[in-house]
Each structure stands twice: as C-alpha cells, then as structure tokens.
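S.K.: Single-letter residue listing:
Number of protein chains: 2
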Amino acid sequence: MNQALEGVKVLDLTRVLAGPYATMVLGDMGADIIKIEMPGVGDDSRQFGPYVKGESAYFLSLNRNKRSITLNLKKEKARQLFIEMVKKCDVVVENFRPGTMEKLGLGYEELKKINPSIIYAACSGFGHTGPYSQRAAYDAVVQAMGGIMSITGEKDGKPTRVGPSIGDITAGLFSAIGILSALNYRNQTGKGQMVDVAMLDCQVAILENAIARYVVTGEIPMPAGNRHTSIVPFEPFETLDGEIMIAAGNDGLWGKLCKIMNREDLIADDRFKTNPLRNQNYAELRPIIAKIIGTKTSKEWLQILEEAGVPNGPINTIDKVLENPQINAREMIKEVYHPTAGGLKMPGVPIKMSETQGEIVKPAPILGQHTEEILKELLNLTSDEILNLQKEDIF
Amino acid sequence: MNQALEGVKVLDLTRVLAGPYATMVLGDMGADIIKIEMPGVGDDSRQFGPYVKGESAYFLSLNRNKRSITLNLKKEKARQLFIEMVKKCDVVVENFRPGTMEKLGLGYEELKKINPSIIYAACSGFGHTGPYSQRAAYDAVVQAMGGIMSITGEKDGKPTRVGPSIGDITAGLFSAIGILSALNYRNQTGKGQMVDVAMLDCQVAILENAIARYVVTGEIPMPAGNRHTSIVPFEPFETLDGEIMIAAGNDGLWGKLCKIMNREDLIADDRFKTNPLRNQNYAELRPIIAKIIGTKTSKEWLQILEEAGVPNGPINTIDKVLENPQINAREMIKEVYHPTAGGLKMPGVPIKMSETQGEIVKPAPILGQHTEEILKELLNLTSDEILNLQKEDIF
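Chains as they are written, first to last, in the working numbering: chain A, 1 to 395; chain B, 1 to 395.
Please keep in mind that the hints were generated in silico from the structure rather than gathered at the bench. Among these hints, one or two may not hold up.
Identical chains blur together in the list; that is why a pair holds if it fits in one copy or across any two.
[Said to hold, decoys possible] Heads up, simulated BS3-like pairs for lysine-lysine below, C-alpha to C-alpha not over 25 angstroms straight-line:
#1 291 x 158
#2 9 x 191
#3 256 x 334
#4 299 x 158
#5 296 x 391
#6 158 x 320
#7 158 x 296
#8 155 x 9
#9 88 x 9
Chain A with its partners taken away, still in its complex shape (with noise of 0.2 angstroms):
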C-alpha cells in the first residue's frame, strides 16, 4: 500500500468546481477516482476557459488522478451499468440538486438497497434539507447570503467577495472530511451512510470569530480593511516599490520592529509602549511607520525585517507566487503533462505524508477515456458486450 486511500474507489459523478474538489482531495491521497460524465458533453468545467491545445484549463487543474468513463444514466442500461457499478465501490459523490439522483431511481434510499456499505456523499448549494433545499446556488449566492462578504472588503467600503470561489471549495473540504469520517466508521461496523454537505452552511462554519463577536457584544462585523481587528502594527504598509505585509503581533516584535526602522525611542513612547495603546492612538502611529517603510524597496524592508524576525511578507500576486522559493520547494506548484494539452502547471498537493505521499500521479481524462478498461475492471464486461451497449448510445 502506497498510497493512504490505495484501494478505496470512489464513483464520481460531480461537476464544475466543488464536488470535483472533494474528490481531486480523494484522489490526491490514492483513492480511485471513476469520473462518470456524460457522453458528447462530460463535466460542464470542460467548456470553461482559457484553452489550452482546446482543453480547458480549468478542468484539467482539478481533474488530476481520475479516470473518466462516459454513462448516459438517463437510459436504462447504464443505470443498470451503473447499479453493477456501485456493487463494487465505496463511494459515490454527487453534486447535483437535491432531487436529481432520485428522478434517476438512484438516489441513497435506492443505493443502500443494493449496497449498505456504500457511503454516499451529496455536496449542494442549500443541503438535502430546509426550505431552500431545491434552490440553485451559485458560489456567489452563497459568499452573499452567508456572510463572508459582509467583513471582507476596505474598511468603511463595500462587502467584497471573496476571490476564489471559496464557497465551493469549502463544501469541497468538508465533504472530503465527511467522507474519510464516513470511512472510517464503515471500517469499524461494515455501514455505509449518507453525508449531506451544503455549501452556505460551510460558510457559517468558515465565520471564525464573527459570530462570537457579533453575539457578545450586539455590533454587527463590518469589513475591517487589511489591518488586524486588535493587533497594532498588523498591516500592509507601501515601500518605494510597491507593498508589503508587516504583523508584529506582540510587544516584543513591535520593539524589534521600532530598532530596525531607527526609531527605538518609540518603544519606550507612552502613546505605543503596550498594544492597547497602539490601537488607540493608531492615526498618530500609522504615519509614522508609513512614512519610514516607503523610504525602500519591498525587497530591501523584507530582508531587513526577515534578519530581525519581524513577520512580514510580500503581497504576491499569482506570478510571484508561481516563483516563491518555499512555494516551489515544498512543490505547491506541479507541471503535469496532459497528451493533449502539453504541459500544464497547477497546485501541488498541500497534504505532506511521510509513509503515503500524496501525488499526482495521472493528468485530468480526456472524455470516456476509461470507458473500456473501467468497465472490464469492475463489471468483467468483455470487448464484444462493450461494443454492442455502445451501439446503443449508452457511452
């Protein structure tokens, strides 16, 4: 066994982003990703931009380690191709409507029947409950209703949405979470189950300390800039060349910071000596450190205060970030080679594992890619039966 999750096969009917989220996790830790996508058509993220050699990029960074097999499940046969199937599988995730897998007569109800050890996983907008159960969500919709945009943005601006689209990777994470959970009680008891993810109730989860603090003290969070709520100096400051992050998150750090800029009279200075101090005469210290910082470069002040332990860091932006030593060193940034496409560089895997490294082992699937070889693998169907379901437009 190589791999964490070596072994565990996961039928996997998601699109776009946060289903196929979860099982890219899945995949990334060894389990057996069966992508099942329609035929002609696939995963509507494969017409998504840019191109590259007409291959989505999009699709190609988040369907590495999987295996596509096409299934027109709206016929008959392959439903009863894709019953045969989920006999021999752990998973299924799903992202659709709640509802959807019903219509089909393949929802969990009709699932357990023919496999009580199958763990179910459904990732929605709304969840499988409540009244907004059958509304369709969109990343944005729920970044609105959940929260997240009401305290991200400038300090007395407007709500901002958050740039990646967080509300789908979230429920990405969390389903992952519910699955290996889920998994681990199957290995216990033999029981599969069903485990309902909803993208706004991850949002709720990812507030941090939002409603803490709006229910204990009744003030409703705003948007709070990029300073730190309470902690003084914890912002970006510009230098001569651009701008960069400086937290000296507690007394000592702000002493560290006051000798390296040639003001340690400051540390002694009644207005800044201890931190609640500092966030109450701000407007006088802000300009001071400002005016200071933009008197060098980004790379001059990063060294300096890396030498003097101050924490700090450049505002990268994505080509900065594709260069970063320590980025690239723990290999957060992957060239894969796709057949198609050519090389294409996208997100390592973020899970570092001494005994079951994490790997990207295969690119995304060209559409119906494994039709041929998953079918034989699982079902023991031979050439000539393939050949014959597929005259009848099942795959």
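Chain A is already provided as a structure; the job is to place chain B on it using the hints.
M.R.: Structure of chain B alone, referenced to chain A:
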C-alpha cells in the same frame, strides 16, 4: 458506535486557530480530543476578547467537544506522562513552529519509537521543510504571500485580505483530511505516519482557476470586484434599501430575469442575446439592469427572483445570517451552554451524516477541567498519585 470517529483518541497540543480548527472538526465527528494546555495559562486564545463572564468567546467557539488537561511539558515528569499517553492514543496534533517538539524531545521521530502506530500531524505556517520553515507566520502573512489577497478586492482596487482567517482555517481543514487519510492507512496496515501541513501551501491549493488563467494567458490575475469574471449578469445590484446578489448563470436565466424586469425586449436585443455578447456590451447592460433593480426593495426583488427561479441572495450581515431560515433549519447556529459563560451561539456542524450525526456534546472546557479524569482513564493513576504530581507543579 454512535459517531463516525468514536474511539479515536487525539492528543491535541494546538493553540489559537489552525490546529484547534482541525481538532474541532474531528471532535464534531466524535473523536476524543484531549487538549493539553500549559498550566496557569492555557491556549493563547483564552486571552482573546470579547469575553462572556470572563471566558473568551473566541476560545469557546473553537474548543467545543474537547477535554482539557494541563501539563507543563518542560518538566521531565510531565514529558513522561505525555509519552505514556502517546502509547494509549491514536493521533498527536500540534501547530508549533517546526523544531519546538524536537526541543522537548517529543518530535515525531521520538514518538514513533514509542508508538509506531501514532499519527502525528503538524500544522505550521510554512511547513517542516523548505527555506522558510523556521519563519513565524500569521494568517495575514500567508494570505499576502499565497496570492489570495492579490485576487480579492474591488476592481482596479488594492489587494484585500479575506475577512475570516482563511489561511488558518483551510490549513485546519487540510490537516483534518490528512489525519483521516492516515487513519484509513493505519486501519489497513497498522502503521502510523507524520502529516505535515503548511498554511502557505493551503493558500496555493485554494487559488482555484487563478494559476491556470495566468499560466495559459500570461495575464496576471487582479482583484475583479464582485462581478463574475466571465458571466453577465452575475453580481450585486443596489435595491431601494440595500444590495442583493443576482446570478443569471445562463441564457435561460437571463431570459427569466428580463421577464421579471418587464424588459422582454432585451432577450432579442442584438447586444445581449448571448453571454459573450453580454460580456462585450457590459457597459451598456449594467446601467439598464441597475436602474430597474433600484426601484424596489431587496425583499421584493428576492421574492420575485425566487419565484422566477433566478439564483439570488441577500448580502447578509452577520445578524441576518443568524436569522436566516435555511441556516437555522440546518442547525448551523447552535447555542451551547457553558457552565461559566452561559449560553453562547456558535456555528453548528456542517457535515450532516445519516448514521453518525456530528454533534456538539459538550462546551469548551475550562483550563485543566479534565486533568484528573484523563490521568485516571488513560494511565490508571490513583487520586493519591495525582495529588503527589500536583505538588510538583507539572499540571
């Protein structure tokens, strides 16, 4: 077995956010989280405001379902007790700077000699390898360095920090996934291993399509405001009394939106017929929609949009999140009773499971609340032995 991770014993040395978030998720799924804290002080976040009757609401929100034992690991007898506990437990989690556990003689290499099945998870700012490994990180630093700030914010505006500490939280989620994957491997092979998760790596892992866009087009992604980068209309609009999100993700939904705006003429309008055209003529289209949406209240529009089936949502502030019927139907706001603080509302469990429902079975512990209980239970110490140890100030 009532919970998915029942019987999984976790020695939790984590503080503040990333690590405690990981163990909270495991605790919600039923793992026994034994939180080891420094005598007299405890987790730093016990000092973070706001307070309810002397207890930190921040701490209470993140440490439900955990038990607390105090142990001064700098004392040899405490170290020995910890080592005895490692023999009886499944997982050790810490989020110290790399090297801290080694200095205590409790690094993974030592612990695996004591218990080869132990799963040792380390969650740090930059990870246990690479040139930045020894640097201190804060959420703000990894958000800056990892690129997410550079693609969040108003169009043509400045890089913007995501309100909640997404750098910590995603590292907590990936750590939980790593631990559960390692648990599956151990269930099969009996072998433990080390899981090393870096906050910075996780920021790269959630950049979504930003890396693909950059490597394919060569254009550096920038803050894009609240607009979808390729779909129109898909953004907030101001109403008479607020702002709402409208997400007309395809031509069908665009048609429905035109109808409810009483502007069916726009459907056939050559400038707006298809999504590419709506993108191209965005400058003309946006004011037309904005003017109409500005004529009714948010409540009126949300109802009209919902009835027409156009994805929509209010941009909720935190007070509205707490009142939302779907969020409440899903029990995503739970009031948890704490013996000192009384009732406190906090996020519920976002993973809904049919057989082993995640639960908040106990409030966050007071410092050292379970020291005696845990020492008796895990190590069979007697009350007298505990009393004697207590005199040596090891807990």
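S.K.: Which constraints among the numbered hints does this structure fail? Numbers only, ascending.
M.R.: The structure breaks hints 3, 5 and 8; every other hint is satisfied.
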